[in-house]
Amino acid sequence: MTAIPVFFHSLWSISSYTWREGMRKKILIGFLILSLLTIFGATFLTAFLETGGTGADAEVDAKLVKDICVTAISIFGVLITIFISASVVPSEVENKVIYTVLSKPVRRYQYLLGKFLGVQLIVLMNLALMGGLFFVALYFQEGILPTLLLWTILLTYFEFIVVSGFTFAVSCAATSPVLPTIAGLFIYITGHLTEYLYDVYTRAGQTGEWGDQVIGQIAYGLWLVLPNLQNFNMRSQLLHLQPNDPPADIMIPNLILYALLFVVAGLGIAYWIFRRKEL
Amino acid sequence: MKAPKLIIAIILALVLASWQGARVSELRESETFYRWVVAAANQLRVFGTLEPGQAAREATAPDYMDESLFTDVEAHFEPRLNVEPGGEDADEESYSALIRAVQQGGHEHEIWRLASSAESRDLRQRFHELRREGRLASLGEVFEVGDLYANEGTLVNLGNMFLGFRQMAANLIWLEVDKYWHQGIMHRMIPLMYTTVTLDPNFVDAFLLGGWHMAYNITAPMADTPPALMEYDERYDAWVGEKERFYYRAADFLKDGIRKNPTDYRLYFDLGFSIYMEKIDDPTSAVRYLSEAVRYPHESWVRRTYYRALQDDGQYERSLQGWESYLEEFPDNQVAPRFIAINEGLIAERDGEAAYAAAREAEAEGDDERAAELRAEAEAHFDEARAVWENILLYYDDGYARTRVLRLDALELAEAGQYYEAVALLENARWESSDFFQEASEMIIEIKLEGGLPLSLSERQYLLRQQEGEQRRRANEADGA
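Chains A and B are the protein sequences, given in the same order.
Heads up: the first sequence at position 237 corresponds to 246 in my numbering, and the numbers run straight through without jumps.
Heads up: the second sequence at position 257 corresponds to 248 in my numbering, and the numbers run straight through without jumps.
Calculated from the structure, these hints are not laboratory results.
Among the hints, a few may not be true.
What the hints assert, rightly or not - Partial list, computed: chain A residues near chain B (C-beta under 8 Å):
#1 17
#2 20
#3 24
#4 233
#5 264
#6 278
To be verified - Simulated DEER-style distance windows between Cβ atoms:
#7 B:220 / A:229: 57 to 67 Å
#8 B:322 / A:148: 32 to 42 Å
#9 A:33 / B:125: 20 to 30 Å
#10 B:3 / A:215: 47 to 57 Å
#11 B:461 / A:148: 17 to 27 Å
#12 A:215 / B:17: 56 to 66 Å
#13 B:344 / A:148: 51 to 61 Å
#14 B:3 / A:33: 32 to 42 Å
#15 A:214 / B:3: 23 to 33 Å
#16 B:10 / A:108: 32 to 42 Å
Said to hold, decoys possible - Some chain A residues judged to face chain B by a derived CB distance under 10 Å, without partners named:
#17 219
#18 237
#19 254
It should be emphasised that the depicted structure is a prediction, and the values quoted were computed from it without experimental measurement.
No residue lacks a Cβ here, since even glycine has one placed at the ideal position from N, Cα and C.
In isolation and in its complexed conformation, chain B is listed as follows (with noise of 0.2 Å):
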């Protein structure tokens, strides 16, 4: 080939190789817009926002820039995605099509040809921009080679120094973690947390580690904190000490995880169940996280904790219908039997209860008749409750079954105007079982109003502590408003 021949040809092929190059750049950028647009539609759904709440934001903290972005992606996505309306989801009619198309899954190649096609080239210019920036909270906390020109330049120097090997600088650094939990010197693992994940966002394990760590061992010799030495914390919309801060922190740091790594359902699951129902004991969050978590591939055990979430958060017929297909799939298992027994049972004395309180009204309003009637009814459904869980206890030493039965005992008793007794019973049973004791407490509150006897000075500091909160939080809606 002569010479002139060859510099052509070696131009053109570096000629090509640059437009490839670009090419792939851009389908790069495309990668982490569609990634984007998947985890901001998953979070959307799951976490009910894409940016912190005005409470939660730092003094320094941008000006996000994620729901309108999100809105105009929503908006341009939605006469272009092909996507079945409705589904189990009660709040899905309200949801866009992409939501619902993230939701439903397959229709990942759909949104990503949208995502990477000329006509999003705006939308996907200013994401880039808007992450350039750092105005975009959906994507948590990330690694950005702009990064090199902050003043805090610890994290980029570790990027830096590895050359591409940012996983094995994180492994490096979660082994320093492990030896401090070790050695107990919980307050230097907490920064080389954060630091892992940043450094490998997509280290699952360090985030459920380093969640349970926040909220388990970093908390147990911590002493529980007074009722009245507690704050309230509007960003958490609840009262907090010292040890609570610490579970809304691990639950911070798993909700970056999902951030991140929106289908591992482990996260979706330590969120759901170690956090929000056994730490923080909000099951309704509980329930909103683990079925999610059975959303995606899991193992058995998530199915079961998912619904005695249900259970917990007064979803009986939900948990019971599920603890029936359950048995239909695993027939041998052991405690799926105890549970459908239990909803059962829980079911009949929520009918007997509201039966209870409709005959009271209808005694207010006159109707003997009616009341009569109801009463009847009420007193049938707690038949039925209380033979349930004598049919429990048959079988099993249970003492959630025990509890239940001297909840009836002690119903009936105020029913019949017996407070004193009443509050007795309950007073008792509460130490039966931990899980009956937040319940008995309250209902000993609501029957001591109810039959007008004294209430005890934490008992006072306890209502006195839900008013305010009330307060707080209508103030806090009426500011967002």
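Excised from the complex, chain A in its bound form (with noise of 0.2 Å):
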């Protein structure tokens, strides 16, 4: 066997064995199982509302219905992305199977890819299941197949890489899932934040101190270094797209490669942790 698909043969089966490790954790299906809850009482809780009849009424039961739903997946998919992310490593520290692993012929950088693999298998099943739900859901409320709001679900899960990559990265430094957990809900929610962080920029230096100004500028590196999730919340955009809209159709590449490349830096941080870790 070549060097190549031995590596990719190691790779898969590290991933495939963190995919079904993970679908078989107790909170995550937890997590599942409300989020298809929350996306399947959608259309009851709307049968409840006075809202319901024909027009802007039967229109606004649609809508309530789509955002529930978007609003759902974003939610407990994060918590899983972020569960999931902060516990394949720790847990695997905790329970010692990590030292058979690494005992094997598989590099520490394969097994990382391996296991960042397997949570983005996870996050992935999720995401499919949840967004599969949310289309019958819509198609027996309202006959529709929101074909647009795959591409919603698309950058939302790039949104959940970048959250799960850091997350993945600190995860490689503790030895129990609690702070990266902690970590990664710091890190989804202050990326959600960065916005303001331009806002104190561009209002810094109106008092003339040289004080006022130092901050605008920390506030403009920090904006410009740390990952703004709120980028990806293009469902306004999406779910209210016309046709001929040029601006969506260059975002969404630029979007992924944004996405990517912090990626690529929180998996560069994880195998610096990682690689001088005594395992």
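Join these two chains into a complex; the hints should help.
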């Protein structure tokens, strides 16, 4: 067997094992069931509202279902992503499985890459399940298949992958999943508040004090370096997309590239931490 | 990989990600600018202005810069856009290339390329500075991060709490609106409706239902304002009472929706039909907005309503042409033949009245031969119109056609100098059809004035109000100039 197939074989073995292991986690199954109940329940929620009817009333119902489902996918999706990214490495350290794996002819970067790919398989599987049920719910409620929502789910996934990359990096330094889980939530919340840093930068300097200007420059620097997860929030544009919408065509590939670069950075940090870890 | 190389690789990845982040931010800013350019071009064509007039501005309103910025954008885009000249619209020739490009459609990529180009960077920067300063009225009521620093924090806290889930916040507030509506607590609905659309400017149904609540449900229990108690409102250039203020408020609410969702036909339709046609009785404005509604993908009733508005506005030929094309497309439609006949009758009536007026002028000039010719022509037109109305009455029990026949009789009586008989006929006829009431009332005043008959108190008040309104309008125009 040549080197390249062996490399991919090991990678696949680790990622498929991670996937199988992850899908057995009760907390993930709990989140998944909650999200599915929310999505399914959204169709019932509108039935109890007094907005039901025709015309604009019926369209309000459809909007409520869409928004509840997209929000449920985002919230439960990111919780699943954070919990799984935070736990795959520390739990193997905890139960000492990692020693058995690394005693095989597997390089540490191979192990990390395999684990990360396994996490992505779990996230993708969960997103597919939630998205699929969303489509079914919307089809039964409104008789429509919202294909544009595929783009919002795709962008949601790339938002998750950024959170996943950095949470994974933190998890490589931790011995239990608690700290990386908190860090993951922090990354997600901070990533959504990055926009405020730019606002601080644009408003800084109004007092003429040097301290004010320095704060502005620091805010600008942080705004440049930190991932801005609000960029992935193109739900409004996509859900209300008109034909011939050129900005969306160019934004989507740029956002994917943006996410992938942060993932590379996150994985690099993870390897930098993990390579010297005493195991 | 050795540690220094790995650190360099990580730093390189972070630098590249930051650079890409800056590029994405620039694209997002270009996108906001592009959407404003398209929306402003549309607004300038539809509303005729980007900024509220002096009368409509609040005391604390900033010095708006929309039109100055848009003029610069037009000048920058003009030589770079490849747009066909002219079009259906008579005003189209006076439009800039940018407005024509947005109106004609299909130029979206060209406009986006220009809006996001390096050459437009200065314009983009100026746009974002003005946006942050709140000096662009054409953006409508918007939620901005900068509002965090404002004193009125209610909306901001809501937006902040939901971490990008503002649509959900808007939905939850809308559910409250719905609850208050069913509880009959109307006064609580209005601020919440504004909050909903501020949080989610693309919530078109909230604009539609909000406009409907204001113009119909909130005003339903209100008594009609007696004409003598109406006040002249400079913002709307109209006489208004409490009810009418809500109609105009609903119109403003829908216009705000159009600013944020310029390609949704439902907003134009509701503004044109539900507000201007049904409530404010302004067919010219109704035509303006309904003609926009039919430009975008729409339901079939939108076209029918547009043709009816054209008829109400006296544009009978365009209405007739529209109904004929509609009938060709939908041969089984039941109402199109009736409206085709109505428009034919109205065209004949209008031509007959014009011939009568010309005959009177010819008589005044002493050209009796020409006057006789014109009278014969007028009578021929009236006969044609009468035949149309009577033909309609053969097939339908049609109040409108019946009143048109009575109207023709009244005109002929007035022409023969039998003013009392003409007025008496119209006094009865105006109760036959609600569509005819206003027209008949105005005809009665005209005939009384022509015949030197005394006006009633309400008729004198009506005339005085018209004159005062006209004077105020002229004064406003003089102030504006």
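The hints, checked one at a time:
no., hint, verdict
1, 17, "19 Å, violated"
2, 20, "17 Å, violated"
3, 24, "21 Å, violated"
4, 233, "5 Å, holds"
5, 264, "6 Å, holds"
6, 278, "6 Å, holds"
7, B:220 / A:229: 57 to 67 Å, "59 Å, holds"
8, B:322 / A:148: 32 to 42 Å, "34 Å, holds"
9, A:33 / B:125: 20 to 30 Å, "54 Å, violated"
10, B:3 / A:215: 47 to 57 Å, "36 Å, violated"
11, B:461 / A:148: 17 to 27 Å, "58 Å, violated"
12, A:215 / B:17: 56 to 66 Å, "24 Å, violated"
13, B:344 / A:148: 51 to 61 Å, "58 Å, holds"
14, B:3 / A:33: 32 to 42 Å, "38 Å, holds"
15, A:214 / B:3: 23 to 33 Å, "31 Å, holds"
16, B:10 / A:108: 32 to 42 Å, "40 Å, holds"
17, 219, "21 Å, violated"
18, 237, "6 Å, holds"
19, 254, "7 Å, holds"
Going down the numbered hints, you'll see the structure goes against 1, 2, 3, 9, 10, 11, 12, 17, while the others check out.
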